[in-house]
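Based on these hints, arrange chain B on the given structure of chain A.
Protein sequence lines, in the order shown, are assigned to chains A and B. Per the working numbering, the very first residue in the first sequence carries number 1; after that it's consecutive. Per the working numbering, the very first residue in the second sequence carries number 1001; after that it's consecutive.
Restraint-style ranges between C-beta atoms, simulated for each label pair:
#1 Glu1113/B - Thr302/A: 43 to 51 Å
#2 Gln306/A - Leu1145/B: 32 to 40 Å
#3 Arg89/A - Val1117/B: 55 to 63 Å
#4 Gly1310/B - Arg39/A: 45 to 53 Å
#5 Leu1270/B - Pro268/A: 29 to 37 Å
#6 Pro109/A - Ala1133/B: 47 to 55 Å
#7 Leu1060/B - Pro21/A: 36 to 44 Å
#8 Asp138/A - Ser1244/B: 38 to 46 Å
With a straight-line Cα cutoff of 25 Å, these simulated SDA-like cross-link-like pairs (lysine to any residue) come out:
#9 Lys312/A - Asp1261/B
#10 Lys152/A - Gly1047/B
#11 Lys152/A - Glu1272/B
#12 Lys152/A - Pro1276/B
#13 Lys1084/B - Asp1074/B
#14 Lys1036/B - Pro1237/B
#15 Lys1240/B - Asp262/A
#16 Lys152/A - Val1281/B
#17 Lys152/A - Ser1046/B
No lab work stands behind these hints: they were computed from the structure. Yeah, the Cβ is synthetic: ideal placement off N, Cα and C, and Gly gets one too.
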Amino acid sequence: MTSAPQPLVDARDVNVWFDLPDGRELHAVRGADVRVNSREKLGIVGESGCGKSTLLMALMGLLPATASVSGRIEVMGADLLAGGERAFRAHRWKDLAIVFQGAMNALNPVIRVQRQIVEALELHEVASGMAAVHRASDLVRLVGLPEGVLRKFNHELSGGMRQRVSLAMALACDPRVLLADEPTTALDMMVAAQVLALIDRLTRELDLALVLVTHDLPLVTRTCDRIQVMYAGTVVESGTPADIYHQPQHPYTRLLFAATADVHSDGPDPVTILGAPPRLDQVVPGCAFEPRCPHSQARCATDVPQPQSAGKGRSWACHYPGEST
Amino acid sequence: MTDDQRELLRIENVVTAYGRGAGVRAVDDVSLTLRKGELLAVIGESGSGKSTLALTALRLLEPRSGRVFFGGEDITHATQRALKPTRRRMQVVFQDPYESLDRRFRVRQIIEEPLLVHGLGANRAERLERVHAALERTGLSPAPLFANRFPHQLSGGQRQRVAIAASLVLEPELLIADEPVSMLDVSARAGVLSLLDGLRRDGDMAVLMITHDLAVAAHYADRIAVMYLGRVVEEGPAHKVVRSPVHPYTRALLSVVPPKDPLAPFHPQLLEGEIPPLTAVPAGCRFASRCPDVAPVCATVDPPLMDIGGRHSVACTRATRQAATPAHQGAAE
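If we strip away everything but chain B, and leave its shape as in the complex, we get:
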C-alpha cells in the first residue's frame, strides 16, 4: 500500500493522436508510473513520442484513450477550468532558456508571474519573499541581485535556473523537464542536473526528464523509459537499463555512445535507416525493420511491454521469451 501512496503520476494505456479521425498516433498504448521523489528519464529520438507523452501527462493534450491519474485523481478528460488547481502542482521547464524567458521582464517579474496567475501570495512583499526563496533554492544567490537582472544579463545555465525557479515558486509536486540541458554548455550542465536531482531528493517532488542523452539519464535518473515510434520498448531501474539492456534498440543506442576514455573498448552497433514515419507504422514489432536480432515471429507479433523481474520491463518477443511468461506462446519459433 505504501507504493500506492508514493504514486504521483500514472499513465495507463494512453493513446495520443494528432489530426482528425484515427489520426497519427504519436503515443500509442503507453503506461508509466512516477512516484514521489523519483526521477524518471524518458529517452528517445525525434518522432518517438516522448514530448507528446509529456504534454499528455500535463494534460496539455487530451488522450484519445487510456487514462491519466495525477495524485490519485483521474484527469484524463478534466476540463481546462477543472485542471487549473492541478496545473499549479505540475510544472514544466523547456529546452531553450534563451526562448522560454520573456526578455522584457526582470527575473523578479518572470518568477512572480506564476504566482499572479494562480492568485498566490497575499501581497507584493509576500510574493517577493517567495520569489527570493525560489531563486535561492536554484542556487541564484544572493537572490535580490539576480531578481533585478534581465535574462540577457545571465548565462545559459543561470537562465535555465530562472526557468526552474519560475516553476518552483508554485511548489509543484511534478516537474517535467524537456531536454533541460541540451542547449547549455558542458560546463553548466552538471549544475542544472544536480539542481534537479537535489530538488526531488529534498522534497517529495518527482521529476520526469525528457532527454536524448543516455549518459545524463544513466547518471541522474532512478528509472529510464526508452521510447521508439510511440511505444515504450524498455523501462526499468536506470542502472539495469544501462548496464544490462535487454531490448535490441536500447542496446544499439547505448553502443553508439562513446565512453569517455578514448582507449576503452567501443563497438558501435549501427542500425540501418531511420525511424519510420508515424503514418507508416509497421505491422508486428515496430522495431523489426531495423532490428539486428529480427526473427520471423517479429513480422506478425506486436510485443507488449512485459515484466522480466525487478520492475524491469521489455517489449521484445525474442528477448522476453526466456525471462518472462511468453504472451504469444503459439507464435514462438
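With the rest of the complex left out, here is chain A:
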C-alpha cells in the first residue's frame, strides 16, 4: 500500500475572527480547508470580502493581533497553529512565501532593490556578504529583469518590474509553496500576462506549488489545476477547472461564470447577481448565499449546507446542487 503523498499545506476547518472596536467579532473565514500538494496549482476565487486574502494571511501567520484563528494549519507536516509564532517563523518565506497585489507597498521606498533583497537573504540566513549580493543578482535574472534593476529605487520601476522584484524576494529562501494574492490585478493587460507567464514558468522550473487568489475566473481556471470558490468565508465549491465550468454544482459558481463577459464568444449578456453578501459580523443561520440564490428553498434559510465530497478534491456545499439557472 502506497500512502498518498503528504500535502505541503494541509489546513482544515480554518476559522478567522477579527475583533471589532465595538467589542463584536467579524467571522471572516468560516471553516475553510486548503490542501496543496507538491507542484500543484490551487486557485482560490471569490469576490471582495469572501475571506480569500484573510485565509492566505492565516496560512502565513501574518494576521494582525486583532485576529484569532482556530482549526489546524499544517505546513510540511508541522502544526503551525499549535506551535505559535515560533512555528510560523520556521516556515514563513522558507517554505511558504507570498506576493501581494500592491507591489508598490511591498517594497521599501528608500532603499535600493539590491539592499532590499540582500537584507532578506541575511535576515533569513540564506546568504550573507558577497554571497548574498551574488544571490540577489541570480534572483533578479531569474524573474527576467536586467541586473541594473538592483541599483534602482522602487519608484524608478514600472508596476510590472516591481511585481517581478517582489517575486524575486519571495523566492529568496527557496520556498516550496508560492502564495499569490491578486498578483496581476493592478497591472496592465499585457504586463499582467507577462507576470502570469513568469509565475507559471517559475512554478515549473523551481518545482513550486502555487496558491493563486483572484477574483478573475477565466484567469484562475486557465492557470490552476484545482479551484476553490469562496463565498462569505466558506469554500462553496471545489474541483478542477473543467468541473466547475462545465458541471458547476453550486448556484454561486454558476452565477459567477454567468456574470463574466467572454471576449472570445458571443454569449448571452452577463448577468448581475442581485443583492449583497451577508454581513460577516452577524451569525448566518442557513446557507450564506440563500438571500441571493435563485433556487433557495425553505431549508436553505435555516440549515447550513455541509460540504459534500465526490472524491478527488471535488466537493460542494449546497442543499440543491446542480439546479440549473
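Quick look at chain B alone, frame taken from chain A:
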C-alpha cells in the same frame, strides 16, 4: 447627411501635451467620431493616452493642435465661461465610486448639486422630483429611500449608480465613463454596464467608455478604438475589432485574455517589454519595437490610420498594404 446629424462628438487630429514647450504628447494626432446613441469603447494600457483623450473631449484640457467639435460647435479653444452651457451636455463618471462621492452628503444632495451649479429646477420640490427621476432611471428604486442614504450605506454598484444619476440629472447628450466598473465586484458589473447600455439605447445619449477590459468592450460597445502610446492604432465596429483584429497590438491584447471555458484553445502571444515612455517615442511606427510582425519599413514609416473598409481603420504599414491604398508605396518592401 443623416450621418452628420447623428454626429455628436468629433475629434480631429488632436494633439494634447503636458508641460512647457513642445511638452510630452500624451495624445498625438488622434481623430474620432462619436454619434448619438453610440457606445464607443476606448481600450488601452496605462500611458496610451486614453484618459487624456477623454479629458480633451470634455475640454478639461485644451489641445495643442487639432479641433474638437461637440454638437457641431467648435469648442477647441472655447473659454471656460463659454463652455459652461456645453458642460451640462457632457458629463463624466469616474472609476472609483468610493472616492467620487462626497461622504458627508446624502444621495439626494449629491444628485441635486449639479442642478444647483447649472441653475436648473425652479425650486426645491422640482429639483427633488428630478433627483428621484434620475435615481429611478439608474435602477435605484424606490428613489425616496435611496435619496436619503449616505454613500457608506450603499454597495459599490449602488454608489456607481448614484454617480451615474448625478450625471443623468442634467440630461446630458454625452456621458464619458472612465473605467466605470473596474472597482466593482464581478457580480455588480453587468448591472452598471447594462444600465449604460440601456441609457444610450433609450435616448440619444452617446457613451464614451474608457476601459482596459476587452471582454466588456466586446460585449457592450458598438465601436472600439485601441490606443497605443498616444495614437489610435485600430478603430472599428466592436465585432470586427474583436473577431478579426488587424493591428498586431490588438491581436496580441486579445490573445492574452483567457476564454471563459478552461478547455477552449488559448495561445497567448506575449509582447516583450512595456510601453515605452512618452518622452522616448520611437521613430517610425511606435509599436515597431514590440511588434511580432515587424519589417524593416516599420523603423522609418510612421503609419497613419487608414480605412480598410466597413468603417474599420488600422495604423499598420504591413497590415494595410493589401487592404487599403498604401500611403507609402515607395517604402514597401
